[in-house]
Every structure is written in C-alpha cells, then in structure tokens.
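A.B. asks: Chain by chain, the residues run as shown.
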Amino acid sequence: MFKLGKLAIDVAKHYGADYADIRIIDTKNEEINVKNGKLNVDYSNTLGFGVRVLFKGSWGFSSSDNLSVSEIKKVSKEAVMIAKASSMLQKEKVQLAREDVYHDHWFTPVLKNPFRVPLEKKVELLFKIDEILRKKSEIKVASSEMSFQNIRKWFISSEDSEIVQDLLRSGGGYSATAVGNNDMQTRSYPASFGGQYYSGGYEIIEQMELLQNAERIRDEAIALLSAPQCPNEIKDIILGGAQMVLQIHESVGHATELDRVLGYEENYAGSSFATLEKYKKFKYGSNIVNLFADATIPMGLATQGYDDDGVKSQRWDIVKNGILTGYMTNRELAHKIKDTRSKGCNRSQGFYSIPIIRISNLSLAPGEWELEDLIKDTKDGIYMDVNRSWSIDQRRLNFQFGCEIGYEIKNGKLGRMLKNCSYQDITPNFWNKCDAICNENYWDLWGVINCGKGQPGQRAEMSHGSAPARFRKVEVGIGN
Amino acid sequence: MLKKEKLLDFADTILKLSDADMTTVTVAGTKESLTRFSNNQITQNVDSLKYSFTIRTVYDGKVGVVNGTSLEKKNLSKFIEKAKDIAKNQTHKKEIFPLSSKQDYTFTKSFDKKTENLAPEIRAKYVKDAVKLCEKERLESAGIFSNGATCVVIANSNELEAHNETSNVTFSITVQTKDSSGWAEQNELSINDMDIIGKTKIAIEKAKKSKNPKDLKPGKYTVLLEPAAVADLISFLSYTTFNGLMISEGRSPLSGKIGEKISSTMINLYDDPYFKGVGGLPFDFEGFPRKKLTLIENGILKEIPTDRKVAKMLKIDNNGHSLGPDDEYGPLPLNLYLKEGDLSFEKMVESTQNGLLITQFHYVNMLNPITTTITGMTRNGIFFIEDGKVKHGVKNLRFTQSILEALENVSMISNKVVLQSGGFGGGFAVPGLKIDHFNFTSKTEF
Ligand SMILES: [Zn+2]
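Respectively, the protein sequence lines represent chains A and B. Read in order, the letters of the first sequence correspond to residues 12 to 491 in the numbering used here. Read in order, the letters of the second sequence correspond to residues -14 to 431 in the numbering used here.
Don't read these hints as lab results, they were simulated from the structure. A few of these clues could be false.
[Said to hold, decoys possible] If you want the footprint, here are the derived chain A segments under chain B, 3+ residues with CB under 8 Å:
| # | region |
| --- | --- |
| 1 | 148 to 160 |
| 2 | 428 to 440 |
[Stated by the list, open to error] In silico lysine to aspartate or glutamate, DMTMM-like type, Cα no more than 20 Å apart, as pairs:
| # | chain 1 | residue 1 | chain 2 | residue 2 |
| --- | --- | --- | --- | --- |
| 3 | A | Lys46 | B | Glu122 |
| 4 | A | Lys46 | B | Glu80 |
| 5 | A | Lys49 | B | Glu80 |
| 6 | A | Lys102 | B | Glu122 |
| 7 | A | Lys294 | A | Asp328 |
| 8 | B | Lys202 | B | Asp421 |
[Stated by the list, open to error] Okay, the calculated bits of chain A under chain B, using three or more residues with CB under 8 Å as the criterion:
| # | region |
| --- | --- |
| 9 | 49 to 62 |
| 10 | 67 to 77 |
| 11 | 118 to 127 |
| 12 | 184 to 194 |
| 13 | 219 to 228 |
| 14 | 448 to 460 |
Keep in mind that this is a model prediction, so the values were computed, not measured. Note that beta-carbon positions come from the ideal geometry of N, C-alpha and C, so glycine has one too.
Could you build the full structure based on these sequences and the hints that come with them?
C.D. replies: Now the structure itself:
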C-alpha cells in the first residue's frame, strides 16, 4: 500500500503539486437489526483512495474505488488539475501548520473482535430483546440493533509521513414505540437514534445490560401514552447524560469548529456566534463549566492516533472555568488563531471525501454533586433525559431540544412522569445558568454516529462525556 | 459514469455466480463534482465517482445482504459467499415476497451528458462571475456550484432489468452584509436551465434589503413562504406523515383517515416522479413501476404510498413505493408536487396587510409526529410586510408549528412551482404559500 501511496505523491508532484497526501481506506461494516421479529443482516466492505493536493496554495481533491496503478496516476493528475482551477479564484494562499513526520501503526485497543463473534449469538440477543419489548400489545414497533465497524486507513504524505491505523467501533441499542390514547411515544436504550457506541470490540455489547433494561423501557413507553404533558412554564431543569451529549454537541461542539467560525460553512450548516474576538475572553458558561476536547480518551469515537492531516491526537480545553479558550482546528486554519500547530480535528467520512474540521471527543468535566442531593436541592423542576428532537439556529444561539421522558421535581422529590418534554434557550445564557454538575460516578461517554456537515455532505462520529447537570429557570414545553 | 449495458453486465455476472433461491443485484453510481466558495474565494474543490452494489440472496426463507464498492469482477465470489454465509447461519425465517419480474417503465428526459461532465475550470468561471457581482457591492459570499449524475440498476434472478440515470446541477449562494444575509439556489437536471447571475442578484438584493433588521416579538403572524421554505415544511410529510407503513400501523396522524378532509380545500398534493425537471425514479427499489399518486385532492386524503407489505395490510394495491425488499422504514412519496395556484407571489405580498415574508428555514426537526409539530429557524432573509409592501428586515425567529394545521390555514398559493433537489430519486416541486396564524415561539440575536 505504501508503494501505491508513494506513486500518487510522485505523480502529483510531477504535475506541480506543492503538497500532496493520499488516504487508502478499507472499511468493513456489519449491521444487524431486528424489527418486530424480522431480521436484517447487512455486511459491507468498501475500499478506495482519495488524493488531496495543494497547487500554489489552492486545494484539489479526487478519489476512486479502483486501486490500480493506472487509476492512481489518473486520479492524482486530476486532483492537481482541480487545484489549478481552484487557484483561479484565490484571495489567500493555504498555509499548513507545521507537524512532525510520523512512521507509525496505531490501533484501537480491543478485547473481543466483533467480526469473529458468531452471527447467531448476536442475533439471539436481539431476538430476546425483541420478545420482551413486544410482550405488551401497546408496543407497535420494537427495533433492536447492533453495528460494528472496522476501518483500516493508510496515510502517506509528501512530507514523508507513513501512518497505518486500525480503528474499530461497536455499539447498539433498541427502542419501543407505543401507540394508543390518540398518541404515540417512544423510549430507547441506552440512547436514541441507534443506541450507544464506543471505540472497542464486542465487550462493549456485553457490558451494556441490554436485556436487563428491556422491560423497564417497554413499560415506560406505554406509561408515557397516559402521562401528562410537560407544561409550558419556566422551570429549573436537570438534564441526564444522554441528553447532555446533544446539548454539548450542538451548542459547544459545532460552535467551536474553526472553519464555521471563519465562514467556510456559511452556505450550508452555518457559522458561529463564538467569533475570534471572543477567544480567551467570552463568558461561555458559569464558572463551573469546563469543557475539554480529547482525541486520546479511551473508547471515544473520535479517538485515533492521527487525524486525516497526519496530526497526532491531543487533549485541550475548549471552555475553562466558563471562558471560551479553544477551537477545533486543522493544519489549514490553525494560524488564524495564532496557533503554530493544529489540534488534529481534520477528518473525512471516507476515501471519497476531503477532510474537513470535525468535532473531536468533547466532554463536560464532572462536578461534585450526588444526583440524589441535586434533586433534593431542586424546588420546582423537571428531570429530562434521552434526546428526541433537536434544532438550533445557524450561529448556534437559539436552540430547542426535545426529550423522550421527563419527571416532575417538586420540593426536592421526583414526582410523576411527563411526556413531550422540551426546552429552549440561547446558548451562552443557558450555559451560564448551569449551577450544578454531578460527580464522576455519574459521568459517561456517549457516542454520536450521525453528525452531518459539509458540501458534499459528510458524516462523522465522535463522543461526548457528561454527568447530569442542572440549569436554572429555563422555558420548557414550548408548543404544548 | 458507466452506461446501462456495462452495469447490467456486472449485475448479470453476479446472478450467474449465485446459487441462491433468489438473487437481486442493485448497483448505484454517483458522480459528484463540487466547487465550494466562501469569503469570496474558492475554498474546496472535489471530484468523486463512486459506485456501490448490493447483493441480496435468499436461501430457504433466510436473507443475506452484502454491499461493496468496486465494480471489479475479480472479488465478486467473495461477496457472494459472504451473503450465502449470512443467510445460511440464521435460524429465523421471515415472510419473503417473490421477486418482481420484468416490467415496463415510463421514462422522462432526465440525463444530459454535458451537465454530468463540466470541467473544474467551468465551475470556477461560474463561481467567479457570481463572486464578482458580490465584490462590486462590497459584500461577502459563500456557496457551491456542483454538477454530476446518478445511475441505478436493479436486476434479479427473475429477469427483472431496471435502469435509470439522471444528471444534476446546483448553484447555491449566501450573500452577507455586516448584519444581514440573503440566499438563493437553483437545482436543475441540465446546465442549460441555469441562471447563475439571476440567482446571485436575488441573494444580493435580499441581503441589502434586510440590513438593520428589527426585533420582532414572537407570536402568530401571517406568513408568505417562498418555495424553498415550503419545501422545508412539507418534506416532513414525505418522511413521516405520509409514510405508508406508519399510516398502516397507526403511527401517523393520517392513520384511518383516507377519504377525510385533512387540509384546506385549496391544497392538491401529488407524488409525481414524472413531473418535469424533478428527475424521479420510474421504479421503486424492488423494481415495481412507480405510480403517480394523488395524496391530497381539494383537501381530502386520497391515496397513500404502498409497497407489497403495506398493500397487504391495508388491502389496497401496491403502487410501487418500496424502499427495498427488506425495508422496515416504510414506503415514502419521494417526489412531492404541491399544485400551483393562480396568483403571482408579488400579488400575494400586495394582498397582505401585516405579515412576514420568509426566504428559507433552517434546521427544521419534528417535535411531535402525531400532531406533526415541527420546529425550526428562519434564515437568510425574513421581512416585515405592511400594507402590501415589504418594509424592512427582521431578526430571525424560531417557529413551533403543526404542518397539518399550517396546511389548513393556507389562504393563497402562488402560480409558479420551483424545483428542490433531494438526492437519489428525490426532489420536490412546490409553489409559494400564504399561511395565516403561523406560530413563532422565540427569537435569536441576529
Ligand atoms: Zn453534528
């Protein structure tokens, strides 16, 4: 592979490229789903390469799924031709931040290779869950799934880096949809929209306690049908970890992607309110809010040895004691915040897409509270968890998020179940209302596998860690 | 991109190699060339040609599905073996419908070779023309110019052969001043229909007109939605509300409502893959001919999309909307066409005493599928209308609104439909709408 890679670099240089890299990517996926007793197993294997070049400070990129010598030559040349066209409309030359040269092989630590676990064993577990979920007739849809992904990625650059990475991730979950009482309600476990994912092997599935929670999830979905609606009022809210993930992702993660901040996404996903004059000054949240990015954290979905710029993984602060102190950066844009080195956030969906800045693993540091004490300390509130719906404006200020389930809190006691829970606020107002975060015993990493960005659209995966946290005086139940 | 014969030949190789009771091969190709610009310069420029194939084999009521990318024949037996392996290692059987046989399809003109293969210099030139106009006005612009094509082949061991190809071209531009922005976009099947300068001028005009936006209190307003905003609203009808399986399982507000009034009598909504310029697929993902559907006629729910499973559940005909033989999501109307009215959009503005003109929505998502309540933001041009005139720009607002309720409150429909692209076989055609009592629930800072 390194030989083929070198060829791509040589051809690009021959046609005038000042910088070139190639990524050859071999991806295996296994997806198993049982819906209402029906099994679907889907296996895929994709292989291809993408060549990225700089010509006089302009980018060009081309890719192919045909890994032959003649095709590599053709695609490399094409990438340079595209870069030449880009240079027709250039204001500022791309300059890459310095990075060391690496010769390395990095791999995800794995205990049990999920691709070697017999299919029938995985299928049986899903059928058992399916049976429990459908034991009550109110459940109209029961869906359970598992998914495994193995990526082998070769990176070769004109700066002489040669990196191989073997990345593995595993995960799954289930949901039950109850219909009745002129309503429809869904509960999911461990999280919504496909479940919970970590980098690692089949041991992850075994530790999820999938079966043990199925009955509770089913009964909660049914109970929600006759639960009262979340009122449209101002309340103190405590968000559970599965909802905090989305809060962190949408209102901090995307807002601190440097390409968005600089207007590169203006026509599509949007820009950001967290503009450069706010860097190291802006009060993003209350003093107890500490958010850190970490591409080295064990079991994170963005955890790898190197990003697609060939930059070694790092950990850094995004919000420190409530102040905005960092951004997600790549080699192209690091200098815009006067950094001499990239934080290593450049990633692409596959061999056919150009790397762009993506959110790294981004987490809220744990606080000191026991959850029980936090509830006791809340007079008039709602505990909400597990995301159901999300929407945020293009500068990441006004958001409105919905949750699967909520519980009233009255005078320090958890009360009745509430349905159709949602809350709305403006990002910095909201994070400044954060007055309590639970301790590390309640802290977990949650995987996001469907983050969309860019044109052409690309999907990326990352994790966010959080414990439950409280926010004072927030509007809830909009539209109810 | 590969032509029909080559794709069918590839599929045929697999069909010959497979010893399954039933074998289906689907091949999809996407050629995508995209030049992206922001801050008035080209920032990204990519070209990709990508194929993917799916082999579905059935052995004794058990299914194995494998996917791959490279259309090289040398690795195929490995994939076929894997599919067999998956099927044979199961103990659970499921109900399996027989394979579709050879069918007749109605084709519309949807492919243009020139549009598929525009050179990067040509894209750069179009972008340069647009940026030049913005620079003349000292405005910043960002956007894309993309072109390409998609192809699909479905073939099976029951002699089905289905093929379709479409080309596409998109220009999208956002123009910004210090405190406002404007947007315009055009999606066509052929480069000959594009008007880059015209669209750029619209975006510039919107950005200039919405300078110094005023704060507006959230509440219920009459809105004039331009077609792009209408598409943002009704796309949720396509994915959820009009999902045939959700309707048949009681998970849609339309469940059990066929023949009943569900919107204003002004509304006529179709699923029409044959509408000019939409580029819809003439067959579904099992190879059945896709029938044009009358979803809503004068406000009455008439037809819903079906596949064989839904058809059986509801005891109606299969009208060719399957997403695939093992699909569990449900048949969808992929090509919504909302019938135009007889007024120009300008006349609709003139008729409005007090209201808001909306260019586009952003990040719309479903809050409650049973009430069809969605939430989202306005984006890139929201204007206050007073006494029939556009007065000034307004800071962006968030809405929380039921789609079906909004369709009940439609009071005018414009006389021109605009095409909205939607990926594989997708794409809508919608006019502008005037809707009363549209519910805005909060505001933002710009
Ligand atoms: Zn995201």
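A.B. asks: Please go over all the hints and tell whether each is borne out by the structure.
C.D. replies: These are the hints, each one checked on the structure:
1. Three residues within the 8 Å Cβ limit are the bar, and the region 148 to 160 of chain A against chain B gives 3, so the coverage statement holds.
2. A stretch counts as covered by a chain when three or more of its residues have a beta carbon under 8 Å from one of that chain; for the region 428 to 440 of chain A and chain B the count is 4, and the coverage holds.
3. Straight-line distance between C-alpha atoms of Lys46(A) and Glu122(B) comes to about 56 Å, which puts the hinted pair past the 20 Å bound.
4. Simply put, Lys46(A) and Glu80(B) have alpha-carbon atoms about 13 Å apart, close enough for the 20 Å limit, and the pair holds.
5. For the given pair, Lys49(A) sits about 9 Å from Glu80(B) by alpha-carbon distance, which is consistent with the 20 Å threshold.
6. Restraint check for Lys102(A) and Glu122(B): the C-alpha separation of about 17 Å stays at or below 20 Å, so the hint holds.
7. Straight-line distance between C-alpha atoms of Lys294(A) and Asp328(A) comes to about 14 Å, which keeps the hinted pair within the 20 Å bound.
8. For the suggested pair Lys202(B) and Asp421(B), the alpha carbons sit about 17 Å apart, so the restraint of at most 20 Å is met.
9. Beta-carbon proximity to chain B at under 8 Å applies to 12 residues in the region 49 to 62 of chain A; the threshold of 3 is reached and the given coverage holds.
10. Check result for the region 67 to 77 of chain A against chain B: holds, 9 residues qualifying (beta carbon to beta carbon below 8 Å, three or more required).
11. Restraint check on the region 118 to 127 of chain A versus chain B: 0 residues with Cβ-Cβ distances below 8 Å, three needed, restraint violated.
12. Beta-carbon proximity to chain B at under 8 Å applies to 4 residues in the region 184 to 194 of chain A; the threshold of 3 is reached and the given coverage holds.
13. Closer than 8 Å: that is the beta-carbon criterion, and the region 219 to 228 of chain A has 0 residues meeting it against chain B, so the requirement of 3 is violated.
14. Given as covered by chain B, the region 448 to 460 of chain A fails the check, having 0 residues with a CB less than 8 Å from a CB of that chain where 3 are the minimum.
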